Amino acid sequence: MKKGVIITIILVVIAVVLAIVFINLFKERDTTEMSNKVVSVVQDGYLDDEKVDGEYETINKYLDNLLAVEEGLTSSYQNEIQNFKDAYLTYTIIAKFYSKQIVFTDYNDVYKENKSSIMDGFNSASDNASDMVNYINTNSNIVGDNVYWNLRTWDDVKGYALNIINQTNKAFNGLQKVYTGCVTSKLANNDFATLVLSTINSYLGHISDSFSEEISDINIANTMANAYLSGTYQNIMTYNYNDTLKAKVEDILNNEESLYYSQLIDGSICEE
Amino acid sequence: MEKVKKSSKIILPICLIVAMVMAIFSFAGCGTDVGTLSENIKTMNETLASYSTLFVKDDQNLNTRDYYKLNYGTIVDDLILSGTDNYDELYNYYNSIFSLAMSYVDENLSVVTNLTDEEMNDETRNSLDELNQKIVDFNNEIRPFVSARNEFTSYFNEYSDPFSSANLSQLRSFKRQYASFVDKAVEISLSLRNAVEATGDLKEIVNVALVKNSICNELLPIYHEFLVMNIGSFNFSESAETVVKERINAIIANLENSLNSYISLFQTNTGLKELTLDELNKINQEAENFLTEVSDYMSALNGLNLQDLAINNYNDFDEYLKNNKNAEIYLEKLEQFTNVNGTLETYLARLTESVTLDEETQN
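Here the protein sequences line up with chains V and G, keeping their order. Take the position in the first sequence, starting the count at 1, then add 5; the result is the number in the numbering used here. Take the position in the second sequence, starting the count at 1, then add 5; the result is the number in the numbering used here.
Hint data in this document are derived by calculation from the structure and do not stem from the laboratory. Note that this is a predicted model, so its numbers are computed, not measured.
Sample of chain V residues with no beta-carbon within 12 Å of chain G, all distances over it, derived:
(1) Val17
(2) Ile19
(3) Ser121
(4) Ser122
(5) Asn142
Heads up, simulated EDC-like pairs for lysine to aspartate or glutamate below, C-alpha to C-alpha not over 16 Å straight-line:
(6) V/Lys105 to G/Glu340
(7) V/Lys163 to V/Asp214
(8) V/Lys191 to G/Glu291
(9) V/Lys101 to G/Glu333
(10) V/Lys105 to G/Glu337
(11) G/Lys327 to V/Asp49
Don't be surprised by glycine CBs; every beta carbon is placed ideally from N, CA and C.
Next comes chain V alone, as it looks inside the complex:
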């Protein structure tokens, strides 16, 4: 009996040690999982604006189709469809920017705190985009010339659209924190980048509150994304050497009524 107890205890200890070893073996130690998610969403996912017959292309064709309807397109419908279309475009620009730096990040507490919101946000938005595409493809023969049916389909997919917006915003909010807290490049990660990203996020955050209205916030987000985050984002990369821009950014950060704020949101803050 005594022998049996001793053997049992030894086996339990061995099992615990092995469990600890295996857990440590497979424990996450870097940001690969999250960065791969961002890259896959941009390169082959719902934020890939170049993929033929991908979610972005399919959804955009559908939205253009609706906007081309002349009769029965109420201002409410028009605003919703246009807002979604503009937001979706803006998302692709911002996501591309993130994907270029997010591969080069440190694994730290900021990453750990925000990883799940980023992953959940993108996963959920992806699922909603897929569902929307399934609906569009299933009903593509029906969304023909019948005006009533065309716009009725928007009522059916609007929920998906709103989910895409809300979940992508959720992911971007987490991503902005990870960008600021984890991106290793001192050139890419600076006060200007943080200001731009957080400002864009705050404007995108207003979309679902006033979805049926003509919202200027989306235009602002889109203008800023185009001005500062697209292409080589040279203004961000040279910020550390641009004393004029540094002074403007500092003014905005320290002064709620900064005169430079309007330049920031109209995309002209980097102009001399």
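Fit chain G to the given chain V structure using the hints.
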């Protein structure tokens, strides 16, 4: 009782052996003394000198590509001189980087070989230990490299067509050996830099020459990793002509241009500019930030795997992307780092402004 006696006859010797091994290892971890290091340095210099017809050293050309001028026999030397693709890399990349690394080593070794016991602490001892090991590794590599070089030149003396597949294969094989040799030299220079820093000289930030040398030494791996260890390890110029190859050629061209800027940072005659402590601190801060970018650049270079792209995927980037989804991101990072207005050029320009040089001293 019998069992206990038998067990102890086995267990006790085992314990003694383990204790002895641990003692040996603990002594081994005590660090290298300056005497041992100096001996190995002497061996290194004597070995290189014994092959002085191969390693032609020119003290007047410190900090240039020609500090050491390696030769490979008349046929290959002529190919290099005439700028023949793939062969010119032996001078442009391998020889250049070897010269720059050894320049740094020869210029700075005295900082550590003149240390006294009182000046040594644990950090210094450990760094000397590492430096010593790198020198030993390099010393062990010299003779195999000389053999490889001799085999290479003999082959070309017998079969002189430089464009035959057999000769190009010989060239590739020699380059791999050469890369390993140059890599050992670069490792010494980097270890030496760490050792110099450990002595505290750099931390005091009063010696402009040391600061400049140490920063420039940090730049060397940027060229070495790309031009020698990656592109140089196979005949990239022979690989398939595609859009991605053009992009990589542009990166190579930018690196070659900036290598010239890097070398000119060393060309001084009357001496370095006088700098204040604030200015030196600023340079060091900028160097620290730049090194983060270098780290991203190295990650991108490792992630991209140029050899896999060129050899296994025939420079078909779309095909390559299927198995390496981040490849475009890595390539863009390399481009951003190396292009004309990119991180490297900007940093070199700022260094040149800060740490140089009377105008009349430019060679």
